[in-house]
Amino acid sequence: MHLSEAILAATPSGQLVLGGGMVLAAGGVAVGLRRLQPADMPRTAILSSAFFVASLVHVQVLGTPVHLVLNGLLGLVLGWAAMPAVLVGLLLQAVLFGFGGLLAVGVNTVVMGLPSVVCYYLFRRSAAGGYEGLAWWAGAAAGFTGVMLAAALAAGALLAAGKPFHHVAQLVLPVQLPAACIDAVVTGAAVAFLRKVRPEVFRRFG
Amino acid sequence: MTPPNWLSNGLTPEGSWVHGVDPRARVLAAVGAAVVFACLQQTAALIGALGGMVVLGLSARIRPGAVLVRLLPFNILAAILAILLPLSTTGDAVYQWGPFVWTRPGLELAGQIALKGNAILLGLLVLVGTMELAALGHALDHLGVPTKLAQLLLFTVRYLEVLGQEYERLRASMKIRGFQPRLNGHTLRTYGALVGILLIRAWDRSERVLAAMQCRGFTGKFWLLEHFRYRWTDALFGAGWLTGLAALICWELWG
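In order, the protein sequences belong to chains D and R. Taking this note's numbering, the leading residue of the first sequence gets 1, the next gets one more, and so forth. Taking this note's numbering, the leading residue of the second sequence gets 1, the next gets one more, and so forth.
For the record, the hints were derived by calculation from the structure and aren't laboratory data. Using N, Cα and C, we set each Cβ at its ideal position, and we do this for glycine too. Any given hint could be a false lead.
Here are a few chain D residues that sit away from chain R, every Cβ distance over 12 Å (derived from the structure) [claimed, not checked]:
{"no.": "1", "residue": "Ile7"}
{"no.": "2", "residue": "Leu68"}
{"no.": "3", "residue": "Val118"}
{"no.": "4", "residue": "Gly130"}
{"no.": "5", "residue": "Tyr131"}
{"no.": "6", "residue": "Glu132"}
{"no.": "7", "residue": "Gly156"}
{"no.": "8", "residue": "Ala169"}
Only part of the chain D face toward chain R is listed, based on derived beta-carbon distances under 10 Å [as the list claims (entries may be wrong)]:
{"no.": "9", "residue": "Ser13"}
{"no.": "10", "residue": "Gln15"}
{"no.": "11", "residue": "Leu16"}
{"no.": "12", "residue": "Val23"}
{"no.": "13", "residue": "Leu24"}
{"no.": "14", "residue": "Gly27"}
{"no.": "15", "residue": "Val31"}
{"no.": "16", "residue": "Gly100"}
{"no.": "17", "residue": "Tyr121"}
{"no.": "18", "residue": "Leu134"}
{"no.": "19", "residue": "Trp137"}
{"no.": "20", "residue": "Phe165"}
{"no.": "21", "residue": "Leu173"}
{"no.": "22", "residue": "Val186"}
{"no.": "23", "residue": "Gly188"}
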């Protein structure tokens, strides 16, 4: 679900989307960085590495590999720090794998990082709260919301880019639905597990 | 699925001229090229841009296989666009099948996107992808990116390989216990636990790292021991790069 700069740069309104994405991403990343104390740096970075590695896990769906996104879980654990973590991850993906691109890093940071922050506000409390049965569902909801909201934002960016991209935009949500369901179950299981084994993962940040 | 070996990306052999250019100059050149290429609309200028990047890659003795693998995801996307975009545009019909009409403007748009994307990615891979990631972090720090962000990048890169190995160990231990991934609840729950353990190991490691850093007096500043020095070859590279980009802009405007 990486938007490519070549696609958005093809139309004038798409170029506006690229620029707007950069501005929004800069704002979100600035908030995330401001909340990071020097002592939080190693933890944020090492957890970002862990998320980067974990997102390489693939599940075969009808012969197609679907990889984990985990941006919901990222939000639950890192809060606003998810924005800079996503930016770093996307930069690395662009440079190492050729995913996304340099100019689209802004839009993509908003597309992937904003849902993380939304999940943080919506589900952190119930994931870390007193009811153990609720934690799984909060995690699953975060996993599903993370992916689907990102897909909706990506579709929105494509719709805003102009009429030629409307068909592509309509495809984004249905294509991401299986990934969202897989992320929901995995995130639910991960949250239930983490809550039992290391509850402070959800408490010490932010 | 084994994660690829990220850090030794093997794009260029030792001794390629790209390694001699200052990382800051390379980052700026890649960003500048991306901005210029993104704004090009003339097909001829775009072909020129892609051709220039191919020549750049060849002169840097970049490994074709390694580059093509990295260009593949974008080109799959470009192929999908080549099918979908001509359906959403109006204009001369190229091909018709039932209610579906593929139009020429859509095909041209898809072609432009493919040229543009490949040119930008190729420039990025040749100039920045060949860099050690630590050098990239330092270069960004020097170029005025917020220090915290540059530190985050350096830290993340530093621990990618460590956690990648941790992940490999966990996968191996799952395999030894007879785990076979399928599309079912058991597999997904197991992956949830895998992600959880990976995060806990990362968490514990970060506590040790922080303690070790605080023992050494860390207060939020990274002291860089090696600084980049701008040399005349970098100025030459910059001048050549700017000339190339200016030529492309002229081609776009008056070509």
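Quick rundown of the hints versus the structure:
Remark: the non-interface label on Ile7 of chain D conflicts with the geometry, its nearest Cβ contact in chain R lying 6 Å away (cut-off 12 Å). A cut-off of 12 Å between C-beta atoms contradicts the statement that Leu68 of chain D is not in contact with chain R; the least separation is 7 Å. The Cβ of Val118 of chain D sits about 20 Å from the closest Cβ of chain R, beyond the 12 Å cut-off, so the non-interface label holds. No Cβ of chain R comes within 12 Å of the Cβ of Gly130 of chain D; the nearest lies about 20 Å off, and the non-interface call holds.
The beta carbon of Tyr131 of chain D sits about 19 Å from the closest Cβ of chain R, which is more than 12 Å, so the claim that it is off the interface holds. With a least CB separation of 15 Å from chain R, Glu132 of chain D remains clear of the 12 Å interface cut-off, as annotated. Distance check on Gly156 of chain D: its Cβ is at least 16 Å (rounded) from any Cβ of chain R, clearing the 12 Å threshold; non-interface status holds. The Cβ of Ala169 of chain D sits about 9 Å from the closest Cβ of chain R, inside the 12 Å cut-off, so the non-interface label is violated.
For the restraint placing Ser13 of chain D at the interface with chain R, the shortest Cβ-Cβ distance is roughly 14 Å, beyond the 10 Å limit, so the hint is violated. Because the beta carbon of Gln15 of chain D sits about 7 Å from the nearest beta carbon in chain R, less than 10 Å, this interface hint is met. At a threshold of 10 Å, the smallest CB-CB gap from Leu16 of chain D to chain R is about 12 Å, leaving the interface hint violated. Against a cut-off of 10 Å between C-beta atoms, the interface hint on Val23 of chain D is violated, since the closest Cβ of chain R lies about 15 Å away.
The beta carbon of Leu24 of chain D comes no nearer than 16 Å to any beta carbon in chain R, farther than 10 Å, and the hint placing it at the interface is violated. With a least beta-carbon distance of about 13 Å to chain R, the hint placing Gly27 of chain D at the interface is violated under the 10 Å criterion. Interface restraint check: Val31 of chain D against chain R, minimum CB-CB distance 12 Å, threshold 10 Å, status violated. Here the hint on Gly100 of chain D is kept, as its CB sits about 9 Å from the closest CB of chain R, short of 10 Å.
A least Cβ separation of about 20 Å between Tyr121 of chain D and chain R goes past the 10 Å threshold, and the interface hint is therefore violated. The beta carbon of Leu134 of chain D comes no nearer than 16 Å to any beta carbon in chain R, farther than 10 Å, and the hint placing it at the interface is violated. The interface hint given for Trp137 of chain D is broken, as the beta carbon of that residue sits about 13 Å from the closest beta carbon of chain R, more than 10 Å. Here the hint on Phe165 of chain D is kept, as its CB sits about 7 Å from the closest CB of chain R, short of 10 Å.
Evaluation of the Leu173 of chain D hint against chain R yields a violated restraint, the C-beta minimum of about 15 Å exceeding 10 Å. Interface hint status for Val186 of chain D: upheld, as the beta-carbon distance to the closest one in chain R is roughly 5 Å, under 10 Å. At its closest, the beta carbon of Gly188 of chain D sits 7 Å from a beta carbon of chain R; the interface hint therefore holds under the 10 Å criterion.
In summary, the structure is inconsistent with hints 1, 2, 8, 9, 11, 12, 13, 14, 15, 17, 18, 19 and 21 from the numbered list given earlier, while agreeing with the others.
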